[in-house]
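Each chain, written out:
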Amino acid sequence: MVDRIVIIGAGQAAAQAAHSLRAGDYQGRLVMLGNEGLAPYQRPPLSKAYLSGATGLDRITLKPQEFWDQEHVETYFDVPATELDRVTQVVKTSDGQAFHYDVAIIATGSSVRRLSCPGAELAGVHYLRNIGDADGLRENFLPGKKLVIIGGGYIGLEVAAIAIKAGLEVTILEAATRMLARVAPPVISTFFEDLHRQAGVTMLNNVRIAALVGDKQVRGVKLEDGQIIAAHLVLVAIGIVPNAQLAQAAGLSASDGIETDLDARTSDPHIYAIGDCASRPLVHYDHRRSRLESVHNALEQAKFAAASILGLPRPVEEVPWFWSDQYDIKLQIVGLSMGATQSVVRGDAASRQFAVFHLDGANRLLAVDAINMPPAFMVGKQIIARQGHLAPARLADMSISMKEIGAGA
Amino acid sequence: MAKVTYIEHSGKEHVLDLAPGTTIMEGAVKNRIPGIDADCGGACACATCHVFVDADWIEKTGKLGSMEESMLDFAEGITPLSRLSCQISMTPELDGIIVRLPAAQH
Chain A
1 MVDRIVIIGA GQAAAQAAHS LRAGDYQGRL VMLGNEGLAP YQRPPLSKAY
51 LSGATGLDRI TLKPQEFWDQ EHVETYFDVP ATELDRVTQV VKTSDGQAFH
101 YDVAIIATGS SVRRLSCPGA ELAGVHYLRN IGDADGLREN FLPGKKLVII
151 GGGYIGLEVA AIAIKAGLEV TILEAATRML ARVAPPVIST FFEDLHRQAG
201 VTMLNNVRIA ALVGDKQVRG VKLEDGQIIA AHLVLVAIGI VPNAQLAQAA
251 GLSASDGIET DLDARTSDPH IYAIGDCASR PLVHYDHRRS RLESVHNALE
301 QAKFAAASIL GLPRPVEEVP WFWSDQYDIK LQIVGLSMGA TQSVVRGDAA
351 SRQFAVFHLD GANRLLAVDA INMPPAFMVG KQIIARQGHL APARLADMSI
401 SMKEIGAGA
Chain B
1 MAKVTYIEHS GKEHVLDLAP GTTIMEGAVK NRIPGIDADC GGACACATCH
51 VFVDADWIEK TGKLGSMEES MLDFAEGITP LSRLSCQISM TPELDGIIVR
101 LPAAQH
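Chains as they are written, first to last, in the UniProt record's numbering: chain A, 1 to 409; chain B, 1 to 106.
It is worth saying that the hints were derived from the structure and are not from the lab. Predicted model, so just to flag it, every value in this text is computed and none were measured. Don't be surprised by glycine CBs; every beta carbon is placed ideally from N, CA and C. Errors might be hidden in some of the hints.
As the list claims (entries may be wrong) - Stretch by stretch, here's where chain B covers chain A in the computed footprint (C-beta under 8 Å, at least three residues):
| # | stretch |
| --- | --- |
| 1 | 34-47 |
| 2 | 132-140 |
| 3 | 295-302 |
| 4 | 373-379 |
Unchecked claim - In silico DSS-like pairs for lysine-lysine, Cα to Cα no more than 27 Å straight-line:
| # | chain 1 | residue 1 | chain 2 | residue 2 |
| --- | --- | --- | --- | --- |
| 5 | A | Lys330 | B | Lys12 |
| 6 | A | Lys63 | B | Lys30 |
| 7 | A | Lys165 | A | Lys145 |
| 8 | B | Lys63 | B | Lys3 |
| 9 | B | Lys63 | B | Lys30 |
| 10 | A | Lys63 | B | Lys12 |
| 11 | B | Lys60 | B | Lys3 |
| 12 | A | Lys145 | B | Lys60 |
| 13 | B | Lys63 | A | Lys330 |
| 14 | B | Lys63 | A | Lys403 |
| 15 | A | Lys92 | A | Lys165 |
| 16 | A | Lys403 | A | Lys330 |
| 17 | A | Lys63 | A | Lys92 |
| 18 | A | Lys165 | A | Lys146 |
| 19 | B | Lys3 | B | Lys30 |
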């Protein structure tokens, strides 16, 4: 019988797991161990409304402390786990406590990938992962300051949008041939590059960083061709790596993330892993193993784990989805485009309302990137979920509504 | 503060006093009222905070934004009273509003 559950981590996945366990009528002991000194909060706003000052910590906090108290969750938000002993089934913490578990849930999240070039340790070099990072950036967002962002992914672009509106001079440096190269098709990259250029952001692709220069404080970014881009502050946004050390030290299978099955269970049946730190098979994609960095994934794996622990039916798996807000543009992505051999554009980029559909050679829909076009996102999600096929010509035909297209797929 | 009555699909009622500016979605998810998921946290990106506003109050909630209208169009079981509760911020004019929750958000 499961009577002691320890959740290692206190992010969005951890919060959902605790919530789902109690909602599923789990009445045993429930412990949550965090390392940020804060109750679980939403991370997406850290590069959006929280960074701009439009929203505060109280509003992005997922649940007030009373919620955790009323649900009898023992919260230790500043007591990270240091060891997972699978033989005695004990989680040891930084302050010397030992929590016995029948089931442990690893929700340790991810850490930013750090820059390793000379000068990377200078003052004024920022990363963005937690609330403290966002506060550190925000207090330096003063008009006229020069911000150089290393990395043209979603975090880099979202921060650029906020910074330019705050009156900073913003330059984004990207190593690939285009912004969002790892996560979006060329037409979406071009759209966002144009959008940011029009807003006044300088964007440089194909750039190699040689060093960050300055005495104690960073003053610029030196490129391999010798050019120096002046900077008062630098944001390094070059991706995240899963926090799998605790699991690896305990001998759990982990390569790119802690490996789990469909129920979010690791190679040890008493241990689950959820959220950014885990990799999982995806039912809509031939059970291909992926590590997904998204809210959807954090919530869904938490629900799978809770259901499995309580012996409840597995919730219906959703097609992976994601969103990004930049200026007045909402990008919604559903599905994974890996394996696509054709892409069809619906609508016109110039109208700031269009979508890209990714299909395989047999016209099966794999993914949709929708710019200010929720119907493409919502219908795409339904079609991908039932592994539907589509005629590319119909997708591009704006005289046929997405509802009609969905009904015919 | 402004009063909101949430009526679960089962008929169970919850009454909350919310500060102005708080959304009806936030009120539910932070006060243990089941029936609103709000996966995206209020970004109007997921359509999992669908509610039915009481007919006497729907006018006062104002016009739907184009993103909201477009997202709602694909939510389960929508009616002319449907709104995404993350897009309704409390104001003194909404003091007393009643919303009903659907059976499920997914």
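So, going through the hints one by one against the coordinates:
Counting residues of the stretch 34-47 of chain A whose CB falls under 8 Å from any CB of chain B gives 3; the rule of at least 3 is met. With 0 residues having a beta carbon nearer than 8 Å to a beta carbon of chain B, the stretch 132-140 of chain A misses the requirement of three or more and the stated coverage is violated. For the stretch 295-302 of chain A, the proposed coverage by chain B is satisfied: 3 residues have a C-beta within less than 8 Å of a C-beta in that chain, meeting the threshold of three. For the stretch 373-379 of chain A, the stated coverage by chain B is satisfied: 5 residues place a CB nearer than 8 Å to a CB of that chain, which reaches the threshold of 3.
Taken as a hint, the A:Lys330 and B:Lys12 pair is broken in the structure, with Cα atoms around 36 Å apart against an allowance of 27 Å. The suggested pairing of A:Lys63 with B:Lys30 holds, with an alpha-carbon distance near 5 Å, which does not exceed 27 Å. A distance of roughly 12 Å separates the Cα atoms of A:Lys165 and A:Lys145; the hinted pair therefore holds under the 27 Å criterion. Restraint check for B:Lys63 and B:Lys3: the C-alpha separation of about 21 Å stays at or below 27 Å, so the hint holds.
Under the criterion of a C-alpha separation no larger than 27 Å, the hint pairing B:Lys63 with B:Lys30 is consistent with the structure, at around 25 Å. Of the pairs offered as hints, the one joining A:Lys63 and B:Lys12 holds, with about 22 Å between alpha carbons and a cut-off of 27 Å not exceeded. Proposed proximity of B:Lys60 and B:Lys3 is supported: the alpha carbons are some 14 Å apart, at most 27 Å. Restraint check for A:Lys145 and B:Lys60: the C-alpha separation of about 44 Å exceeds 27 Å, so the hint is violated.
For a cut-off of 27 Å, the pair hint linking B:Lys63 to A:Lys330 stands: about 20 Å separates their Cα positions. Note on B:Lys63 and A:Lys403: the hinted pairing holds, with a Cα-Cα distance of about 23 Å set against a maximum of 27 Å. A hinted pair counts as satisfied when its Cα atoms are at most 27 Å apart, and A:Lys92 with A:Lys165 does not qualify at roughly 46 Å. With a C-alpha separation of about 21 Å, the suggested pair A:Lys403 and A:Lys330 falls inside the 27 Å cut-off, and the hint holds.
Note on A:Lys63 and A:Lys92: the hinted pairing holds, with a Cα-Cα distance of about 26 Å set against a maximum of 27 Å. Note on A:Lys165 and A:Lys146: the hinted pairing holds, with a Cα-Cα distance of about 13 Å set against a maximum of 27 Å. Restraint check: the Cα-Cα separation between B:Lys3 and B:Lys30 comes to about 15 Å, which is no more than 27 Å; the hinted pair holds.
The structure fails hints 2, 5, 12 and 15 (numbered hints given earlier, in ascending order).
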